[in-house]
Amino acid sequence: MLLSEKIALVIAGWILVVLLITGDANLEIFFILIFIGVLIIRELTDVFTTTNLKDRMNMFIYIFLIIFMVIVGKKIISIISI
Amino acid sequence: MRKEWLLHQPHMRAKLLGIILIVVGVVLVISSSILSIKLGFAAILIGVFMIVMITEKTVPENISNAQIKGPTDVVKQIASQLNLKGNAVFLPKSDVLTEERVFIPLQNGNVSLPEVDNEFVFATGNDGTSLGLALPPSGLSLLHEIEKDTTFKDTDIDYVEEKLQSFVGMDVLKSVSLKKAKKRWELILEKPLYCTNDETFCKQYPCPSCSAVLAAITKATNKKLYVEDTVHNGKKTTFYFTMME
Numbered sequence: 000m001l002l003s004e005k006i007a008l009v010i011a012g013w014i015l016v017v018l019l020i021t022g023d024a025n026l027e028i029f030f031i032l033i034f035i036g037v038l039i040i041r042e043l044t045d046v047f048t049t050t051n052l053k054d055r056m057n058m059f060i061y062i063f064l065i066i067f068m069v070i071v072g073k074k075i076i077s078i079i080s081i
Numbered sequence: 000m001r002k003e004w005l006l007h008q009p010h011m012r013a014k015l016l017g018i019i020l021i022v023v024g025v026v027l028v029i030s031s032s033i034l035s036i037k038l039g040f041a042a043i044l045i046g047v048f049m050i051v052m053i054t055e056k057t058v059p060e061n062i063s064n065a066q067i068k069g070p071t072d073v074v075k076q077i078a079s080q081l082n083l084k085g086n087a088v089f090l091p092k093s094d095v096l097t098e099e100r101v102f103i104p105l106q107n108g109n110v111s112l113p114e115v116d117n118e119f120v121f122a123t124g125n126d127g128t129s130l131g132l133a134l135p136p137s138g139l140s141l142l143h144e145i146e147k148d149t150t151f152k153d154t155d156i157d158y159v160e161e162k163l164q165s166f167v168g169m170d171v172l173k174s175v176s177l178k179k180a181k182k183r184w185e186l187i188l189e190k191p192l193y194c195t196n197d198e199t200f201c202k203q204y205p206c207p208s209c210s211a212v213l214a215a216i217t218k219a220t221n222k223k224l225y226v227e228d229t230v231h232n233g234k235k236t237t238f239y240f241t242m243m244e
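So the protein lines, in turn, are chains P and F.
The first sequence begins at 0 in numbering that gives the first Met the number 0 and counts up by one.
The second sequence begins at 0 in numbering that gives the first Met the number 0 and counts up by one.
The hints are all genuine.
So the derived list for chain P, only partly shown, Cβ under 8 Å to chain F, looks like this:
#1 L2
#2 I6
#3 A7
#4 I14
#5 L18
#6 L26
#7 V46
#8 F47
#9 T48
#10 T49
These aren't lab readings, by the way, just hints derived from the structure by calculation.
The beta-carbon is built from N, C-alpha and C at its ideal position, and this holds for glycine as well.
The shape of chain F in the complex, shown without the other chains (with noise of 0.2 Å):
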């Protein structure tokens, strides 16, 4: 069972492809003729560029699926009980705030946000129009390793689409683009990791990949970000939002 869950790991196809590759080259290195050398370094080549540039250990799509799918019922379950029905706004770092955070109001528009700290989850303000769900993205962790190579904080809004590219680069998505449609912002991410396909919690509480590409945003502009409309059209996803000082 192990040995053949390991050679499903893409890492270990191409080491073992690597090795015979090389053994191969190795064998036609050998011999005399200058087209058999050549074709022998190609193969050395080749099987070492396979050794040393494939090294990632994956989980199958459907494992990591189910370890996402668990905390997003919670929060789905939570906003169906608690009867919100507003579209999320994504909270950037304050001097009260270390973290980003997702609030998810009782209802759209006339919203008022209240003061989020750390330890703040239930708003309950006294005119209604503050009550809400404030919690950390799903995707705050993500983007913590995402930021591990590519930093979003306090980045031109024109240049945040470029360092986005670092999400497809990770995998997590197949393309990501952002652009300004009129008076929002028009987001559009091709394949990510896991979604939910529902349009209605998407607007309220995006899946990790999604919120890590939005919480990614709100760091970089350092605004209140209010997702407005979501849309799903076979594979891509996309978000409608404005920016709130």
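Bound conformation, chain P alone (with noise of 0.2 Å):
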């Protein structure tokens, strides 16, 4: 099995992972939840991958911050509002 097949089927499993921890939580946590998966297996398999793997790695990381920056100016907007 090639290394992107095994974290491709990694991250696939933190999803389900998270999708059944969050349960009938919000979509916030469980964005916030695959994001902090990302990155920690990002880290963790940074020795191994190449250039080309982690670019395509580092994409997601970008989406996935600005998704959580959008998530946080949402709630900075309500605090502010109450």
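Two chains, each in its own frame: build the complex with the hints.
Structure below.
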């Protein structure tokens, strides 16, 4: 099995675990937990991965970072409006 | 035939599965309950990960092994015809040598290495101790590919093992470990891509995967590396080597 396949499978497994953990909770927690998982996997596989694979993983991290910033922004706005 | 072959490719399987998951995900996201929306997002995310992460094309192992076997057999035959019995000495770059080389001496012990340059192949030294064959390591091109991601040049020996993990990342090996055992070094390589399982020949002219690792160590330390012994233990190949100034 290729390393990229292993990483994709681990991420898929983590997404399913997060889905089970969060249950009926809101989507924000769901996305943040997936983001944390992707960051951890990226860091743990850093020594083994090629530059190409790192770039592809980084692309997901940037997307999740934007989602995270939107979530945080929304929270701040809701707190300030109170 | 072509379609069948394409489905055997991991990236094609991943693409197919990814597209199915994305379609299922979109359908689930449209529905109203929070759980199905989440399930939908999970399916879309897994689908996208599958498509984006798995992109490498692969060649069946028997085909790639057959490609490697030819050149290896040629060297084996030449070494046998020349009656070379010595173990490999990996030579680092020098002022006259722009790439690493493997020198196969006539016999072990009392080897005096000739001055090897880029054109040098057959050593016909008069004293007999410098007789041998100097060839590019079989894994030199592989090392060049790996060096696109990791550079080994002038790396401290303590950090070489960490850098060698790139070989695991490239799926060339399952694991690699380098440690000092008394006066010599022990290099354990698990499941190299192509292995002749011929200990005598491994000592003389290692296969591309093992040879690329040994050449990387030579490059990192900038020292001559003399392969003392090789042991095959199941899927693991162990090289015992010493470094020469």
